[in-house]
Each structure stands twice: as C-alpha cells, then as structure tokens.
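Asks: If you want the building blocks of each chain, they are given just below.
Number of protein chains: 2
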Amino acid sequence: MRNPLDPPINERCGPTQRVDTNHARRADTNQARTWIDGWPQLARSEIVDRTHALGRVLAETVAAPHDIPPFDQALIAGYAVRAAATVGAGSYTPLTQPLAHAVTRGQPMPDGADAVLPFEATTSGPTGQIEATGTVAEGDGMEPRGQSLRAHTPALSYGRPLSPEALGLLAQFGHQTVRVLCHPWVRLEDSANTPLLAPLIKRDGGIAAPAGTEPDLILIPGGAYAQTEFALELDGLALRPGGEAGLGRCQNVPVIRLPQEPLACLTAYELLAGRLLRRLGGRPCALPHPTCQVPLTRKISSAIGWVEVVRVVLAGNGAEPLGSTEGGGLVTACRADGFVIIPPGREGFGSGEIVTVHLLHARDDDW
Amino acid sequence: MRNPLDPPINERCGPTQRVDTNHARRADTNQARTWIDGWPQLARSEIVDRTHALGRVLAETVAAPHDIPPFDQALIAGYAVRAAATVGAGSYTPLTQPLAHAVTRGQPMPDGADAVLPFEATTSGPTGQIEATGTVAEGDGMEPRGQSLRAHTPALSYGRPLSPEALGLLAQFGHQTVRVLCHPWVRLEDSANTPLLAPLIKRDGGIAAPAGTEPDLILIPGGAYAQTEFALELDGLALRPGGEAGLGRCQNVPVIRLPQEPLACLTAYELLAGRLLRRLGGRPCALPHPTCQVPLTRKISSAIGWVEVVRVVLAGNGAEPLGSTEGGGLVTACRADGFVIIPPGREGFGSGEIVTVHLLHARDDDW
Numbered sequence: 001m002r003n004p005l006d007p008p009i010n011e012r013c014g015p016t017q018r019v020d021t022n023h024a025r026r027a028d029t030n031q032a033r034t035w036i037d038g039w040p041q042l043a044r045s046e047i048v049d050r051t052h053a054l055g056r057v058l059a060e061t062v063a064a065p066h067d068i069p070p071f072d073q074a075l076i077a078g079y080a081v082r083a084a085a086t087v088g089a090g091s092y093t094p095l096t097q098p099l100a101h102a103v104t105r106g107q108p109m110p111d112g113a114d115a116v117l118p119f120e121a122t123t124s125g126p127t128g129q130i131e132a133t134g135t136v137a138e139g140d141g142m143e144p145r146g147q148s149l150r151a152h153t154p155a156l157s158y159g160r161p162l163s164p165e166a167l168g169l170l171a172q173f174g175h176q177t178v179r180v181l182c183h184p185w186v187r188l189e190d191s192a193n194t195p196l197l198a199p200l201i202k203r204d205g206g207i208a209a210p211a212g213t214e215p216d217l218i219l220i221p222g223g224a225y226a227q228t229e230f231a232l233e234l235d236g237l238a239l240r241p242g243g244e245a246g247l248g249r250c251q252n253v254p255v256i257r258l259p260q261e262p263l264a265c266l267t268a269y270e271l272l273a274g275r276l277l278r279r280l281g282g283r284p285c286a287l288p289h290p291t292c293q294v295p296l297t298r299k300i301s302s303a304i305g306w307v308e309v310v311r312v313v314l315a316g317n318g319a320e321p322l323g324s325t326e327g328g329g330l331v332t333a334c335r336a337d338g339f340v341i342i343p344p345g346r347e348g349f350g351s352g353e354i355v356t357v358h359l360l361h362a363r364d365d366d367w
Numbered sequence: 001m002r003n004p005l006d007p008p009i010n011e012r013c014g015p016t017q018r019v020d021t022n023h024a025r026r027a028d029t030n031q032a033r034t035w036i037d038g039w040p041q042l043a044r045s046e047i048v049d050r051t052h053a054l055g056r057v058l059a060e061t062v063a064a065p066h067d068i069p070p071f072d073q074a075l076i077a078g079y080a081v082r083a084a085a086t087v088g089a090g091s092y093t094p095l096t097q098p099l100a101h102a103v104t105r106g107q108p109m110p111d112g113a114d115a116v117l118p119f120e121a122t123t124s125g126p127t128g129q130i131e132a133t134g135t136v137a138e139g140d141g142m143e144p145r146g147q148s149l150r151a152h153t154p155a156l157s158y159g160r161p162l163s164p165e166a167l168g169l170l171a172q173f174g175h176q177t178v179r180v181l182c183h184p185w186v187r188l189e190d191s192a193n194t195p196l197l198a199p200l201i202k203r204d205g206g207i208a209a210p211a212g213t214e215p216d217l218i219l220i221p222g223g224a225y226a227q228t229e230f231a232l233e234l235d236g237l238a239l240r241p242g243g244e245a246g247l248g249r250c251q252n253v254p255v256i257r258l259p260q261e262p263l264a265c266l267t268a269y270e271l272l273a274g275r276l277l278r279r280l281g282g283r284p285c286a287l288p289h290p291t292c293q294v295p296l297t298r299k300i301s302s303a304i305g306w307v308e309v310v311r312v313v314l315a316g317n318g319a320e321p322l323g324s325t326e327g328g329g330l331v332t333a334c335r336a337d338g339f340v341i342i343p344p345g346r347e348g349f350g351s352g353e354i355v356t357v358h359l360l361h362a363r364d365d366d367w
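Those protein sequences? They're chains G and A, same order as listed.
Under my numbering, the residue at position 316 of the first sequence is numbered 316, and the numbers go up by one with no gaps.
Under my numbering, the residue at position 124 of the second sequence is numbered 124, and the numbers go up by one with no gaps.
If you are wondering where the hints come from, they were derived from the structure by calculation, not from laboratory data.
Errors might be hidden in some of the hints.
For chains that are exact copies, the list does not tell them apart, and a pair is met inside one copy or across any two.
[Said to hold, decoys possible] Subject to a maximum C-alpha distance of 20 Å in a straight line, what follows is the list of computed SDA-like cross-link-like pairs (lysine to any residue):
#1 K202 x Q176
#2 K299 x A43
#3 K299 x L42
#4 K299 x T96
#5 K202 x P288
#6 K202 x H361
#7 K202 x A362
#8 K299 x P144
Construct all of the structure, not just a fragment, from the sequences and the given hints.
Replies: This is the structure in structure tokens:
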C-alpha cells in the first residue's frame, strides 16, 4: 500500500522530469549526488573589506604586485658578510670580516653581502671588529629577491576560501578589499526543525534570502506548511535515517524536501542539502567535519543498496555504535562524538574494522 | 655573542621568575605548553539568544525537562498494532488487525498498541479493513517513553561547544536563551602582522578587549611598539620557525611575544597563542585544523630538541615538504595544503613515513 501519510506530490510547477511515488523504489544516493553536483556554483560576487572576509570564498585571482621577497633578504639573524671572506675561519683561526652588518630575519641584505653568518659563528676581535669562527657558503641564511614569487604571478586563486594566512598575504599585497562569492540565499520554510537547520545553513555559508528575491536554494522541512510549488525529481532515497527526503525544483531553483523527524532531517541535511549549499557557495563539497580513522568496537549491519548513517561515541581507541540508526532523535545526535557512513555497496562493517568517523567536535589531542 | 637586535627584556613589571637572555639556551616547547596549560579557563559567562550561540561554549549543564521521547512513539511509518494480533500472519494468511492506526515516525502510539507494522507488511481486506501479511514483536518500530533520556538527566554538559545539533536540542527543550562562556578579551598590539593575527584570534574565539578593561591575553608581535610592561618567563623557544617567541605576564595577565617575520609569527601563534586563547575560552586546546595521515614524498631533517613546523603540499597520495622551514613567508603558508609538526625527540621523518598533516582547508573528498 502507498503510505497514506506521504506528502502529496505537487506537480503544479512545470513538467516533472521524474516522479517516483513508490518509496520501495527509492533513488539511490549516487543519483542524488549526481543531481546535486549538476547545479552550478553562484556567479554573484561582491567586494568586502578584508577585515570581514575570513572564511569567504575568493572570486578573483590575486597576483603578487612585486617580487616576493622584494629584495635579497636575511633569513636568519646574524652578520651579513661576503661568504668568500669566511673561507678558512674556525674557532682557533677567527677571520676578521671586512663587511659585517648585523641583520635580523626579513631585513634587506646590504650591498656586497651574499650570506648571513649566525651570531654563534662570530666573536669580537681585540679592537671590537667582528670575526668569523665558522664558514658560510654564498646564499646561506638569505633568500634572493623573487625566490618565493615573481611579480604578477598568481598567489591566491579564484575559489579559494580565505584563511588567516591568505588575509595576511592580501594585506602584504596592499589590498584593503577583496572580491568574494556572495553567500547563497536560502529560503527555509519554517518548521519545528528551524532551530536545527538555521545554524547548519549558517555553518555552510548560506543566509536567509532577502524578501522579494529569488532564492538560490529552497528547503522544505517535513511538517512545514509548504508555500512553494515544486516538481519532485527524486522522491525518497535509499538513505537511513533521512530517506523521506526529496529533491526537485521550482522553476530554476533547487528544492530539497527534508524529513520531519529531527535525526532524519539532520542526516538528510548533512548528506544532501549541506552539500548543495556548499557547492552553490563555492566551498569544498565534502562534509565539513574533521575525520579520524578508528576501529569499530562492534559490528554494524546495513542493507545493500542503502546508505546508512550510524552515530558513534569514541571509547578508548575505538568507535562504539549508538543504538539503532533511526532512534533517539537529537539526544542521540548530541550524545555522539561523530558518525560513520556505510556506503551502499556494503552490508555493514565488522567489529574491529577501521572506519572513518566524521567528528562533531574538535579532538583534544596534542601536537 | 648576544644578538644585539634582540628586543630588550623589560623587567619593570614585578619580579621576573625566569629570564633567559641566551637564545642558545632555549626553553623546550614542553615547558611552553606546561606554562600555557597552567592558565585557568575564564570564569565569566553571559546569556545569549540561542539563535546567536553557534560555536559558543556552554557555561551551564542543560538537563532534559521531561522524558525523551515524552510518550511511546512510532519509530517508523506504518500501522500501530498489538503485536499479539499479528502472530501467524503471512502473505497467504493475512490477519485482520482489530487495532490499526496509521502512524508516521515520531507520532505518539495509540492506546493499546505495542508495535508498528510497516505498510509493506499490510494489505486491504475485502471490506477495507487493514490486514497484516507479516508479524511484528512487541516493541518493534517504536521507542518507549524516556528511552533516549529520562527527565532531569543532563543532556548537554558545561563546556560543550554548541553545534547545530545541540542548538536543535536546546530548542526542543524550550530554551530561547543559553548561558555561554564569554569570548576572551585579547589586547593585540598593532604591527604589520595585525591582518594575519586578527582573523586567527577571531577563529579561536577571541575578541578585542574593550577599552578600559583588563584583557585576558596580551599579544605583542615583534615590530610592535610595545605599550605593555611585562616580565618574560620563557624567552626564546626551541621552535622553528617561531623560536623568537616569549611567554610572560603583566600582573596576572598572560603575555605572548610573537616574532616579527610573518611565517614565524604565524607558527608561534598556532602552537602557543592559539592554544592559550582556546584554553581561556573553554574550547578544545588542540590545533583546530582537520588532519590526515599520509606518507611523506621525501625526508625532512630536524634538530633533536627542537619542534620544527614544515609546510607541505598534498601531491598524489603523499605530502611533499615545501623548501626550508623558515623561508618564503606567507607565500609559502598560502601555497601549502597543511603543515607537519616534527616533535622534539625526532631528527625528522623519513621518505615514505606516514605523518599527520594539519590541513589548512577542507578536503574535497567524498562520503
């Protein structure tokens, strides 16, 4: 029997490319991923101040305005010398250095110097002159002009997320502003899952679509009073929990219907909606969680053809599965240290097998 | 000889516990870590709206206000039945179900029902009545009241960073606001490295100390005109790059002096200042980068007793070291995919040896 509680399929919005009303014939998750990865990245970009650009995605390629370093520079602190003048120097045969300018890292090398002699390899002569007690070869302890980067060579590529390092380099290049991709506009229809979904959308770089604009992505959680007319293209997935999800479109805007049960909603968001949102915004598509590889403390079973997402806690050096795939709601999600994804080709993982855990928080281990 | 370019040591601020002016007698990084880990977490907390709490650190323990689930609930969609009434049912022996309420996941179980029969295991009888074509055991497809969590049991512990899952659970518990640790107040003295350091501080949860307040942490980059009088306790570390760093205090506030050269400044921030900042704010101390384990494409040498931080690019399935430890500045930092930390007890890593790479960006690999 067809599930009488399934949401009605709405076909008012243009022709439907594929509607599968039978949940027993679910789309596999590879079809869903192909569908997601078929949507293009946003073309909209904006100029923002560098001091507000952390984590934004670069929408231009930034080249070095000049050679880096712009001059021959010291790489260590010491005395800039002519390497030839140190030949034969040693603790018992200190050699006076005709050229000996104290330099610190990053300072320009004085004219004529071609190496930096560390302070430890120097001593003071009887009249205060600097003497070498060791030798250096030409180029030691210094970095020639342009060695890191030649002028006008690309240093930061289009599409790169802006890290602190990249923002430091932009400042070094004299950029006060930077062109970045816009945040994708998301229309999230209101439901009991809004408090869960809003921070996920924020994490993945989405913002609420401004009133009166066409969004870049529409999310319709189960239980929301659907205000959007859309055509479902994939209805029901071989995903557990979260298989009630559906993928479709409203005119040219992608629409993802999410399950009502919170753990299923979360799982479908993570594997489907989050991926599409990151893709639209030009971020890496993969799940944003850090991962670790650990053995399972006991086996997990799964149905062939299904992707199953199992919450685990880290115990000792292993990952311990938490109860059933579908029970426990957000309590289970919050109790977990992470989750394991069982791919469709597997019937599960054996006890002791090494699995990839997607971690929900940073680990507190050390360098 | 003492390096004449070393910054003068300022002892105007109370007695100095340990001043080592000789950079050849550097403190090892374990001393630095012990010093860092001796500072206590902030005690200040504040109440914020749940919708602004993503990533903040919980400063209370939140208990379930009632049993979770609050009633016996369906875990799957189907017909809520009495399990006993399905005994003997099969495709050729369908059994009429006296009690058969359609339920979807998360709905309360009706009185008298003790299992959920999936729709696939049902059929319509001649008069439209629901018949079972399969059996269920008591408890199948449902979750008893309180199974996830009993009322008044802690669900989210003090000190937990607030993930989307945790915010969803707070909403489910009816919390509109939540008590979180304050952002640590950082006084960053201005220097050419401010554009690099400001986003690092932001990433680690610090904010600029409000005018007129005592900060929780003072950072003095090399080249800054030091406005702070402080006593150095560890001056110079066996860390490369970044060994010019110093650790000290101004009255009861920790002070970290950072090197002037950008790559050294970045490295000392990551291994020292970032750790202390995360610690003060109650976050996990460890480096916040995701990691991966890959083989080195060629060997890296290092001096015993020193921690060396080597930038690498990921190439093929391996990590390729980028030039020398200290050259290249932020260009090298931006070219790298990550960095490898060589611990003090090692003389380096061999070619082909598996190392932990701290990644500077999310990987684009798939589930």
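Asks: Which constraints among the numbered hints does this structure fail? Numbers only, ascending.
Replies: Hint check: 2, 3, 4, 8 fail, others pass.
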